[in-house]
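Novice: Chain residues, written in single-letter form:
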Amino acid sequence: MDIKIGIVTVSDRASQGVYEDLSGKAIMDTLDEYLKSDWESVYALIPDEQKLIEETLKKLSEEDGCCLIVTTGGTGPAPRDVTPEATENVCTKMLPGFGELMRQISLKYVPTAILSRQTAGIYNKTLIINLPGKPKSIKECLDAVFPAVPYCIDLIGGPYIECNEDVIKCFRPKS
Amino acid sequence: MDIKIGIVTVSDRASQGVYEDLSGKAIMDTLDEYLKSDWESVYALIPDEQKLIEETLKKLSEEDGCCLIVTTGGTGPAPRDVTPEATENVCTKMLPGFGELMRQISLKYVPTAILSRQTAGIYNKTLIINLPGKPKSIKECLDAVFPAVPYCIDLIGGPYIECNEDVIKCFRPKS
Amino acid sequence: MDIKIGIVTVSDRASQGVYEDLSGKAIMDTLDEYLKSDWESVYALIPDEQKLIEETLKKLSEEDGCCLIVTTGGTGPAPRDVTPEATENVCTKMLPGFGELMRQISLKYVPTAILSRQTAGIYNKTLIINLPGKPKSIKECLDAVFPAVPYCIDLIGGPYIECNEDVIKCFRPKS
Numbered sequence: 001m002d003i004k005i006g007i008v009t010v011s012d013r014a015s016q017g018v019y020e021d022l023s024g025k026a027i028m029d030t031l032d033e034y035l036k037s038d039w040e041s042v043y044a045l046i047p048d049e050q051k052l053i054e055e056t057l058k059k060l061s062e063e064d065g066c067c068l069i070v071t072t073g074g075t076g077p078a079p080r081d082v083t084p085e086a087t088e089n090v091c092t093k094m095l096p097g098f099g100e101l102m103r104q105i106s107l108k109y110v111p112t113a114i115l116s117r118q119t120a121g122i123y124n125k126t127l128i129i130n131l132p133g134k135p136k137s138i139k140e141c142l143d144a145v146f147p148a149v150p151y152c153i154d155l156i157g158g159p160y161i162e163c164n165e166d167v168i169k170c171f172r173p174k175s
Numbered sequence: 001m002d003i004k005i006g007i008v009t010v011s012d013r014a015s016q017g018v019y020e021d022l023s024g025k026a027i028m029d030t031l032d033e034y035l036k037s038d039w040e041s042v043y044a045l046i047p048d049e050q051k052l053i054e055e056t057l058k059k060l061s062e063e064d065g066c067c068l069i070v071t072t073g074g075t076g077p078a079p080r081d082v083t084p085e086a087t088e089n090v091c092t093k094m095l096p097g098f099g100e101l102m103r104q105i106s107l108k109y110v111p112t113a114i115l116s117r118q119t120a121g122i123y124n125k126t127l128i129i130n131l132p133g134k135p136k137s138i139k140e141c142l143d144a145v146f147p148a149v150p151y152c153i154d155l156i157g158g159p160y161i162e163c164n165e166d167v168i169k170c171f172r173p174k175s
Numbered sequence: 001m002d003i004k005i006g007i008v009t010v011s012d013r014a015s016q017g018v019y020e021d022l023s024g025k026a027i028m029d030t031l032d033e034y035l036k037s038d039w040e041s042v043y044a045l046i047p048d049e050q051k052l053i054e055e056t057l058k059k060l061s062e063e064d065g066c067c068l069i070v071t072t073g074g075t076g077p078a079p080r081d082v083t084p085e086a087t088e089n090v091c092t093k094m095l096p097g098f099g100e101l102m103r104q105i106s107l108k109y110v111p112t113a114i115l116s117r118q119t120a121g122i123y124n125k126t127l128i129i130n131l132p133g134k135p136k137s138i139k140e141c142l143d144a145v146f147p148a149v150p151y152c153i154d155l156i157g158g159p160y161i162e163c164n165e166d167v168i169k170c171f172r173p174k175s
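Protein chains in written order, with the numbering used here: chain Y, 1 to 175; chain X, 1 to 175; chain R, 1 to 175.
Because the hints were derived from the structure by calculation, they are not lab data. What you were told as hints is all true, and nothing was included just to trick you.
Just so you know, same-sequence chains aren't split out, so a pair can sit in one copy or run between any two.
Derived pair list, reagent style BS3-like, types lysine-lysine, alpha-carbon separation capped at 27 Å:
id	residue 1	residue 2
1	Lys-93	Lys-59
2	Lys-25	Lys-174
3	Lys-108	Lys-174
4	Lys-174	Lys-134
5	Lys-169	Lys-108
6	Lys-136	Lys-174
7	Lys-4	Lys-36
8	Lys-59	Lys-4
9	Lys-51	Lys-125
10	Lys-169	Lys-136
11	Lys-108	Lys-139
12	Lys-134	Lys-59
13	Lys-174	Lys-36
14	Lys-58	Lys-93
15	Lys-93	Lys-174
16	Lys-169	Lys-93
17	Lys-139	Lys-4
18	Lys-134	Lys-4
19	Lys-4	Lys-169
20	Lys-134	Lys-169
Please work from the sequences and hints to get the whole structure.
Specialist: In structure tokens form, the structure reads like this:
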């Protein structure tokens with residue numbers, strides 16, 4: 001089974017070309033370091049429009065067959081921040097442990113980590129994870145949650161993902 | 001007031017007799033160690049069917065008068081895992097602190113703890129708590145959350161539960 | 001822009017005059033210590049009636065123009081405890097990180113902290129935060145979450161709040 005991973009940058013300004021999408025690039029680079037298996041990225045750069053985010057998540061799952069979609073941006077308390085709402089609308093199962101752990105990790109660096117509303121959930125055979133917007137926080141959060149990602153994808157019927165164990169220790173419980 | 005505790009094992013395979021229900025037994029043994037008060041268990045072993053889980057939770061509360069129902073199994077991200085959804089549908093009040101603490105405790109042992117969606121809530125005069133499926137994790141989680149259980153049952157109008165203080169320290173704040 | 005902060009004590013007994021509202025007073029005193037900016041409090045003392053709590057939160061936001069509303073009481077598992085439900089009904093965005101952090105802090109003091117269902121969210125340009133009922137716990141929780149409050153209010157279009165940095169270190173990330 002091919003490993004396809006969706007990387008969705010949600011940002012009004014980056015999607016208008018006001019600045020470069022460094023966050024999407026940070027996710028791409030981090031996953032490249034983590035994954036020993038061959039994988040293919042499907043990239044989208046879109047504005048903070050809830051309906052568009054929902055359509056993008058569905059398309060990446062249904063049409064592109066991504067087993068994992070990682071979003072960046074739109075998780076704060078500002079009026080235009082709607083990525084968690086879009087994620088919750090699309091997913092049929094929520095995984096609150098991802099958001100809890102990512103906020104806990106970010107709290108070690110900034111007290112404003114509690115303002116992040118990032119979450120994760122399952123849609124079809126796709127795991128969707130919201131990451132924060134800043135490249136530095138992206139790496140911190142991925143380092144914390146990624147060890148559980150390959151096993152989660154096993155459980156929802158996705159491809160078998162192998163990691164570079166010297167970079168990140170992925171965990172599969174012996175059943 | 002009699003102390004009745006519902007123990008619900010949710011598992012397709014155990015309910016088909018493919019393997020023995022060691023999880024239900026682990027809960028029973030742990031509660032036997034904790035409780036100084038006399039108590040009676042009401043046991044159910046059912047498949048991962050959301051509607052059946054909901055009916056079982058309601059029956060144990062309404063007909064059997066359980067002040068506490070503890071479930072095991074069905075809290076992961078797999079398609080058949082629907083225990084948290086059933087619990088949320090039945091409960092009128094959710095208690096997110098239980099899930100948060102149990103995931104935090106389990107994270108000390110396995111990074112896949114964030115995949116667990118277990119929660120807790122109130123239905124009528126019954127506290128319902130989801131536990132993980134594995135006997136070892138069950139004990140770790142119960143040790144963490146049980147100190148708050150007797151006081152919670154006081155607050156919702158249930159029987160007064162006394163613990164073996166040398167085994168588990170239950171806490172009732174002085175008001 | 002004027003800084004108006006709503007302080008809402010939710011308590012059947014205090015609202016009937018059975019005892020003095022020490023919790024509202026504790027919030028007032030704590031905010032007085034924190035804030036260097038001039039501010040004005042808008043106070044309400046109401047019973048545990050969900051509809052009344054919702055109306056009070058809306059009025060403080062819409063009519064009084066509070067940028068922050070802090071509630072105390074009604075966050076437990078008892079049948080009359082409905083403050084989180086009222087808050088969730090009013091808010092258009094939830095901020096789960098506040099409840100998670102406050103429970104984590106309170107857990108250092110009492111194992112029954114997991115029974116608290118307190119949360120936070122945004123309604124219009126107002127941040128609403130549920131605090132526990134006891135004066136001691138109020139201070140512990142505010143100390144933990146307040147460093148993120150002024151920046152949150154910036155993000156939702158509220159007034160610029162300055163803190164007494166020797167009392168509480170508020171944090172605004174450099175963007």
